[in-house]
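Modelling step: build the complete structure from the supplied sequences, incorporating the hints.
Residue numbers (this note's numbering), protein chains in the order written: chain B, 6 to 233; chain D, 6 to 233; chain W, 6 to 233; chain R, 6 to 233; chain C, 6 to 233; chain U, 6 to 233.
These are computed hints drawn from the structure, not numbers from a lab. Watch out, some of these pointers could steer you wrong.
With a Cα cut of at most 27 angstroms, we get these calculated DSSO-like pairs of lysine-lysine [stated by the list, open to error]:
hint	chain 1	residue 1	chain 2	residue 2
1	U	K103	D	K103
2	B	K93	B	K8
3	C	K9	R	K93
4	B	K175	D	K175
5	B	K167	D	K175
6	B	K103	W	K103
7	B	K158	D	K175
8	C	K93	C	K26
9	D	K103	D	K93
10	D	K93	R	K8
11	U	K93	W	K93
12	B	K93	U	K103
13	W	K8	B	K8
14	W	K26	W	K93
15	C	K93	R	K93
16	B	K103	R	K103
17	C	K93	D	K9
18	B	K175	D	K167
Some chain U residues judged to face chain W by a derived CB distance under 10 angstroms, without partners named [stated by the list, open to error]:
hint	residue
19	A92
20	H95
21	P96
22	Y97
23	G111
24	L113
A few chain C positions that, by computed beta-carbon distances, are all more than 12 angstroms from chain U [stated by the list, open to error]:
hint	residue
25	S36
26	W42
27	G51
28	A92
29	D211
30	T222
Glycine included, each C-beta is placed from N, C-alpha and C at the ideal position.
Protein chains: 6
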Amino acid sequence: MAKKRIVIKLSGSAFGGDDGKVLREYAAFLSGISGSWQPVVVAGGGRVARQYIANARSSGADETTLDEIGIGVSRLNARLLICALGAKAHPYPPATLKEVRHAVDGGLVVIAGGLHPGQSTNGTAALIAEKVGAAQFLNATDVDGVYDRDPNKHSDARMLRKIGLGELRKMLAREDSVAGGYDLMDLVALKVIERSRIRTRILRADVNVLKKAVRGTAAGTELVLPDS
Amino acid sequence: MAKKRIVIKLSGSAFGGDDGKVLREYAAFLSGISGSWQPVVVAGGGRVARQYIANARSSGADETTLDEIGIGVSRLNARLLICALGAKAHPYPPATLKEVRHAVDGGLVVIAGGLHPGQSTNGTAALIAEKVGAAQFLNATDVDGVYDRDPNKHSDARMLRKIGLGELRKMLAREDSVAGGYDLMDLVALKVIERSRIRTRILRADVNVLKKAVRGTAAGTELVLPDS
Amino acid sequence: MAKKRIVIKLSGSAFGGDDGKVLREYAAFLSGISGSWQPVVVAGGGRVARQYIANARSSGADETTLDEIGIGVSRLNARLLICALGAKAHPYPPATLKEVRHAVDGGLVVIAGGLHPGQSTNGTAALIAEKVGAAQFLNATDVDGVYDRDPNKHSDARMLRKIGLGELRKMLAREDSVAGGYDLMDLVALKVIERSRIRTRILRADVNVLKKAVRGTAAGTELVLPDS
Amino acid sequence: MAKKRIVIKLSGSAFGGDDGKVLREYAAFLSGISGSWQPVVVAGGGRVARQYIANARSSGADETTLDEIGIGVSRLNARLLICALGAKAHPYPPATLKEVRHAVDGGLVVIAGGLHPGQSTNGTAALIAEKVGAAQFLNATDVDGVYDRDPNKHSDARMLRKIGLGELRKMLAREDSVAGGYDLMDLVALKVIERSRIRTRILRADVNVLKKAVRGTAAGTELVLPDS
Amino acid sequence: MAKKRIVIKLSGSAFGGDDGKVLREYAAFLSGISGSWQPVVVAGGGRVARQYIANARSSGADETTLDEIGIGVSRLNARLLICALGAKAHPYPPATLKEVRHAVDGGLVVIAGGLHPGQSTNGTAALIAEKVGAAQFLNATDVDGVYDRDPNKHSDARMLRKIGLGELRKMLAREDSVAGGYDLMDLVALKVIERSRIRTRILRADVNVLKKAVRGTAAGTELVLPDS
Amino acid sequence: MAKKRIVIKLSGSAFGGDDGKVLREYAAFLSGISGSWQPVVVAGGGRVARQYIANARSSGADETTLDEIGIGVSRLNARLLICALGAKAHPYPPATLKEVRHAVDGGLVVIAGGLHPGQSTNGTAALIAEKVGAAQFLNATDVDGVYDRDPNKHSDARMLRKIGLGELRKMLAREDSVAGGYDLMDLVALKVIERSRIRTRILRADVNVLKKAVRGTAAGTELVLPDS
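This is the structure we're talking about:
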């Protein structure tokens, strides 16, 4: 019997350090849970992606090209995590949903970057969760979870333990549309989560927090699906 | 000097007839405007796509797989329109944004189908418009344009000559998320239109209506971009 | 020890219904025999292929392009059967002989469509049988088997339990050459069957008939190879 | 206005010499006619292909694999002719009909090898002629043309100036099916020639004979198509 | 008549700034000379490549994987220069020699990154120069040219106006083998330069120096080929 | 636990005979050791490659194109050995390092030809040894090992049981650069062997000699790595 699959979208910030130490902690975590789960990780682009995108944008590149460049960086980030996992990982980041599907059949930990322009890594991770029939989706970001208001502006903002999918959609619809603004979750991801009823949690990209979530302990914000 | 490009998303319903007559009318239209414009068409899936998707869904296929099947049908539809255009068309539908970009460099009329799972053909068409730097985007659908309320339920619904992008986004956010509900336009398409400020019109998939729109005569609903 | 392989060419007519029920019967059959055999199925194009081909032909498309369109439809049909098989099937239809060869190594049921223009699905199925070293080839068509004369014109036509390969070749050489006329078997298929001495049976595309053939009970028409 | 296209299937024997002199004569010929025609050449495998195939067959390889090996050699032969043509030739042999179609759009001389297992280079050349809408197809072989009986066995065999397509089909149907026996023409090629009514001539692979044929002077055996 | 081609290997350090200004200067330079030359640029990996490689190496990645990661970064750098060139550049970096060959046929400025593991960008640039028949090869590095001894250790090191290919080979043979040590030139590059007698110059990656070299004014160190 | 991997570069001369007997001896050897090792073989081009290259060179082809042609022949040679191994071998020669990496994961004997222009098969074999983490690399050539001077010119030349890597590098640096001169080993291979500290032996391409080497008995010349 195949193991259950867990899709983890890992914020690009996890790939920032140059010494590889943080990635080896993530690798140890993934390796540790791989007895009971088959993890599929989607790496974000992080700081390097933002630099390349800023450079290309200053030359007048169109947004689709910027997306392609961001995807390129996220795949390099994926390779770093693959290196940290060694023989436990599928050796290359898959580049299409079809390649993801074939890669998971090999049974190893699969690490991908972005797949298609016009899709955030959140949206991509949700599609991958759908494609591989994941039992849960952890969206590991730069914040602790979803707040009732912007925590950067309101010191009394409160993190929510749970949020309804419809409510989160309304919050996102108020945000602006330029790339970079949708790291928490995006509308494509929500559509996919809703149509395939994927168990989802938004939480901080931190090995200890992820461990809690996998163990089933409360961590971050749980997304509540509407009754079907 | 290269011709200006126009992206036309053509509703799958245009491909319904088996005798090829309707497609030859579209072909004559595209051929006719190709002196002043380079058209890039994105074909929808239509009735055949709906049948295949219903069949696969009844077997329990995941939504991403359904998207892939719909894309497969839309590419076959694209091939029919290519046949109708003969030597005026790029001979195969491009399958990625990169292939679209290379194809337009050849100068011929380019006909694509869908590109990626998780994206409606509207979203795909908007991304293509962005990638090729299109001067305008015509979203040719099964309705005359955007109405102030659902024209199927309200006999006094009124078609709007113009609609603000923010207002349309609010209308769409109220719709449901399952595939099939977003033919008019979708949130990814709106995000792309907004960020790249693409001149856009939603109108009926009808050769005479498209001719008007290309000539600059009022047709369908014009999308009004926010001041930048 | 690997299971013996059986190649089944499945007439496009099996894919006609929109409700998926017929395909689930085929899926149950394939799943049922997969304990003792590894089935490799080649799907035909059927009614939808004929409609698309008629449409493209009316626009003056060359025959090679029509073949490509027919192959496109047969691959969509293959996907429907893959959906009906779920986890028992290789997840995508292979598109070249090389991909077929790699897919069978995975041990799952493999479902392909057509591969190359200029080849009927019968010819393709025979080549696949040769490539994977199949122990038998079932050509499941719209008729019960090979008749001594055209059963549509002669009410007293008699189905043959056996026919010599040379005799069948002579019958086929009298048929016309335009696509569509060679569903029973074709000359390329015969050449391949002969050179690789593949055990072959022509029978009706019907789950019960196929079950009989796999059990070894007489069904359809058996092809008798010349003494080598 | 694009030049008319001529497809020439060039027997593998033309590639036999190691000094490149013969190929440079063919290159000069192709270059010479390229003012009025766009030549598309399909190279055969010749002696080297026969050696590799014999070697692989002695190890028990299946016939499809032997076909793939023969195709591999024919592509290397194609590269030699490309080298001899220098800047006049498309730089690589296309490997699929789709690549052939894109290559001819570049306007240069296109040199291909075989494309698909299960197809002789004659069949492939006929399909290519169909795909590129060739005005004529020259099948350059190791004999002067079609004889009324086997010229190797009958000293009084007479070459025919013309032969009906149906009559040639009957002659071929008597031949055996193992690879190597169909160099003159094969049944797939005939099917394609008939359905697309391609003007065809079977003649000796000799630069002077080819020159005559292109000039319109009688050379080899002309294939007479049935009245349509 | 096609323009003469010039291959420029551009040190990764040229891509270091985040504001795109330096790249736009290079773009203006390339655009400026593109009336008389077709430039083909090979981008290096620079600082970002070194960071990713250090990270992966700290996880124990093999050197071939490190090469692949470096190539990934160099292709992203290539994309930045493509963005800066806009419509003057081939839109994507080619990924194989074959793609390079096809890209140059389009006539635009072509920007590539690395191609294969085990090859420095210098070696790759030399192979590309050979493949496209370049009239000259400028190796733009982080130093002014070749010195008679290591200028970092010897304050009296003198830059050479010319150096014999054999002499440079001897200098390089004394260097160590780990990636990173061969930025000036490497042995594969020398082998290619020698066998194809490519006019070569080693000079500083600086727009003004490159301009001089293109104008024919002395700049950097000229490589003197042995008499053939 | 996965088996240790051994990379064997097999001189093209092993593929010379047309009767397949020699290859079946190599196949029996590889099959015999595959209980304790996973062999990865890199086939050379041999006599046929030299003929094709001579032919193309006489037409003025550039050296990179000659390399591509040689790679093409080496892949056909690889296919012959695959045929001789039957079900023990991965069914196709991988064409990139990435494909090699995926192929070895299947556990079968993997047979490749050359991979990239500008790299000898020795260099390629060393890179493959690095990529798959091979425990040893046997470079099977046309000579018994490394001699203290050229054995073709000096009758008293003595084969060395061991040679230091630095010493061998100096010997190679004196050789000329044109393709064909580097069959013993080349500088790229040495760089790779050194940086990844791969246990290496240069010996005659002869089944009995290879058997000795695998058993651990002295055979050919052992390469001594510098202390790290």
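Against the structure, the hints:
no. : hint              : result
1   : U:K103 <-> D:K103 : 22 angstroms, holds
2   : B:K93 <-> B:K8    : 15 angstroms, holds
3   : C:K9 <-> R:K93    : 17 angstroms, holds
4   : B:K175 <-> D:K175 : 10 angstroms, holds
5   : B:K167 <-> D:K175 : 24 angstroms, holds
6   : B:K103 <-> W:K103 : 17 angstroms, holds
7   : B:K158 <-> D:K175 : 25 angstroms, holds
8   : C:K93 <-> C:K26   : 17 angstroms, holds
9   : D:K103 <-> D:K93  : 21 angstroms, holds
10  : D:K93 <-> R:K8    : 16 angstroms, holds
11  : U:K93 <-> W:K93   : 25 angstroms, holds
12  : B:K93 <-> U:K103  : 17 angstroms, holds
13  : W:K8 <-> B:K8     : 25 angstroms, holds
14  : W:K26 <-> W:K93   : 17 angstroms, holds
15  : C:K93 <-> R:K93   : 25 angstroms, holds
16  : B:K103 <-> R:K103 : 22 angstroms, holds
17  : C:K93 <-> D:K9    : 17 angstroms, holds
18  : B:K175 <-> D:K167 : 24 angstroms, holds
19  : A92               : 8 angstroms, holds
20  : H95               : 9 angstroms, holds
21  : P96               : 5 angstroms, holds
22  : Y97               : 6 angstroms, holds
23  : G111              : 7 angstroms, holds
24  : L113              : 9 angstroms, holds
25  : S36               : 28 angstroms, holds
26  : W42               : 19 angstroms, holds
27  : G51               : 21 angstroms, holds
28  : A92               : 29 angstroms, holds
29  : D211              : 28 angstroms, holds
30  : T222              : 29 angstroms, holds
The structure fails none of the hints (numbered hints given earlier).
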